[in-house]
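Those protein sequence lines, which keep their order, are chains A and B. Using my numbering, you'd call the opening residue of the first sequence number 5 and step up by one each time. Using my numbering, you'd call the opening residue of the second sequence number 424 and step up by one each time.
These aren't lab readings, by the way, just hints derived from the structure by calculation. Be aware that one or more of the hints could be misleading.
Stated by the list, open to error - Stretch-level coverage of chain B by chain A, calculated; a stretch enters the list once three of its residues show a Cβ under 8 Å from a Cβ in chain A:
no., segment
1, 481-489
2, 558-572
Unchecked claim - Chain B residues, not near chain A, derived (Cβ > 12 Å throughout):
no., residue
3, Glu433
4, Thr434
5, Ser435
6, Thr442
7, Ser447
8, Asp450
9, Leu454
10, Thr456
11, Lys477
12, Lys478
13, Asp501
14, Leu519
15, Glu524
16, His535
17, Leu540
18, Glu541
All figures in this text were calculated on a predicted structure; none of them were measured in a lab. No residue lacks a Cβ here, since even glycine has one placed at the ideal position from N, Cα and C.
The residues making up each chain are set out below.
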Amino acid sequence: VEILYFAKSAEITGVRSETISVPQEIKALQLWNEIETRHPGLADVRNQVIFAVRQEYVELGDQLLLLHSGDEIAIIPPISGG
Amino acid sequence: LLKDMDKVEETSKDIIKFTAEKLSVDDVSQLVTSPLCGAISLFVGTTRNNFEGKKVISLEYEAYLPMAENEIRKICSDIRQKWPVKHIAVFHRLGLVPVSEASIIIAVSSAHRAASLEAVTYAIDTLKARVPIWKKELYEESSSSWKRNKECFWATNS
Numbered sequence: 005v006e007i008l009y010f011a012k013s014a015e016i017t018g019v020r021s022e023t024i025s026v027p028q029e030i031k032a033l034q035l036w037n038e039i040e041t042r043h044p045g046l047a048d049v050r051n052q053v054i055f056a057v058r059q060e061y062v063e064l065g066d067q068l069l070l071l072h073s074g075d076e077i078a079i080i081p082p083i084s085g086g
Numbered sequence: 424l425l426k427d428m429d430k431v432e433e434t435s436k437d438i439i440k441f442t443a444e445k446l447s448v449d450d451v452s453q454l455v456t457s458p459l460c461g462a463i464s465l466f467v468g469t470t471r472n473n474f475e476g477k478k479v480i481s482l483e484y485e486a487y488l489p490m491a492e493n494e495i496r497k498i499c500s501d502i503r504q505k506w507p508v509k510h511i512a513v514f515h516r517l518g519l520v521p522v523s524e525a526s527i528i529i530a531v532s533s534a535h536r537a538a539s540l541e542a543v544t545y546a547i548d549t550l551k552a553r554v555p556i557w558k559k560e561l562y563e564e565s566s567s568s569w570k571r572n573k574e575c576f577w578a579t580n581s
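Chain B extracted, bound-state conformation (with noise of 0.2 Å):
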């Protein structure tokens, strides 16, 4: 058995997908299952129904798309050269995502746990400063507005 262990090789897969589809958790996380990982961690972003007071409704996202897909492969790069993860997936939801549903899940696998557990939480730190995707809040009351991470690495709230 230990033979036929040695013999199994497994490419290592960064998927990165933008849809306006539905996002699954299952569907992603089984996109990074491995038989040589013990561990595979999950972030899941959903739309929260409050902002300031306001009530929101929905959130509308939209990518520069070829770009958006560039800057995931380089943090994808990056965590691979800080930890020793297996596979990495990003699905990032385009167009309305109503409260409660999930705009982004990243997953990644490890042989451990603690890899996989930083990894997360690196790409979805550093995507929030630097991948060029955008959300709008739409309110109960009708209005709208364009929103701007922290960690955006160019602009301050001023």
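Pulled out of the complex, with its shape left as it was, chain A reads as follows (with noise of 0.2 Å):
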């Protein structure tokens, strides 16, 4: 799956976006720790950000994903847009 970083995650991980590889079938939680492991730096934000998987939000939770090949997520820090 392919994880795209905005605003301050991604000056925490120094990359816009990765390619990564996870079960097909995996807790939203448990997706955010897997990417916490590869940025151990994005701890600082663990409390404020919310995925978007395949452009719907997704808190960082116990919701069970159901991902596909090449799907999107992004991590979504808190937004400031108008």
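Work from the hints to combine the two standalone chains into their complex.
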């Protein structure tokens, strides 16, 4: 799956996107832990971010995600548009 | 003349644009103008020159583009369910937006004013809560900080 980083999360990881391998079925929080293992600096924003899985918001909790190859998952820090 | 007016059908438009270019209130207003409408309501968001005693020189915007556009489309759809509006335009600037320049323009037209006035308020309030766009404040002293809207539906200020 492709992980997209924005704003503060992109500054922390130093990348805008990367491809990682994860189980097809995974809880949102477990996915976050996978990502945080790769980029420990993200622990700083753990309580402020939300996922967008295939462009739908998903909280970092118990929700079970059903992922397919090529799915886009974005790390969404607190927004400030407008 | 009344017969001609019956024949005139104008498809309602949702116009959403992200651009690095300077925004024009006149251009956006023109896009929603309609002979069927007696009202056009606008919101223009501009860069303010201060935050907590620090001098802001510029804002820098980025967006998760396809999702931001889709979320704004959903807002347009919500607006049409709630109010009888004609055209909706949402223009958001990306990249650097210096002080006093517009970062966002929302324009809505309707036959009578109540609908477009309320729809514009709903649009900016909901955009600030849900649309994946971020701004960074660039301060005079060469530091910067990513902002967060209090409307952001998932993050509390802790």
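Going down the list of hints, with the structure as the test:
1. 481-489: Check passed, 5 qualifying residues.
2. 558-572: holds (count 6)
3. Glu433: 28 Å, holds
4. Thr434: 26 Å, holds
5. Ser435: 23 Å, holds
6. Thr442: Holds, since 14 Å exceeds 12 Å.
7. Ser447: 18 Å, holds
8. Asp450: 19 Å, holds
9. Leu454: Leu454 of chain B clear of chain A: closest Cβ-Cβ about 19 Å, beyond 12 Å.
10. Thr456: 23 Å, holds
11. Lys477: The assertion about Lys477 of chain B holds, with a minimum of 16 Å to chain A.
12. Lys478: At about 19 Å from chain A, Lys478 of chain B clears the 12 Å cut-off, so the statement holds.
13. Asp501: 16 Å, holds
14. Leu519: 15 Å, holds
15. Glu524: 14 Å, holds
16. His535: His535 of chain B is indeed farther than 12 Å from all Cβ atoms of chain A, at 26 Å.
17. Leu540: Its Cβ never comes within 12 Å of chain A, the nearest being 17 Å, so this holds.
18. Glu541: 17 Å, holds
Violated hints for the displayed structure: none, as all numbered hints are satisfied.
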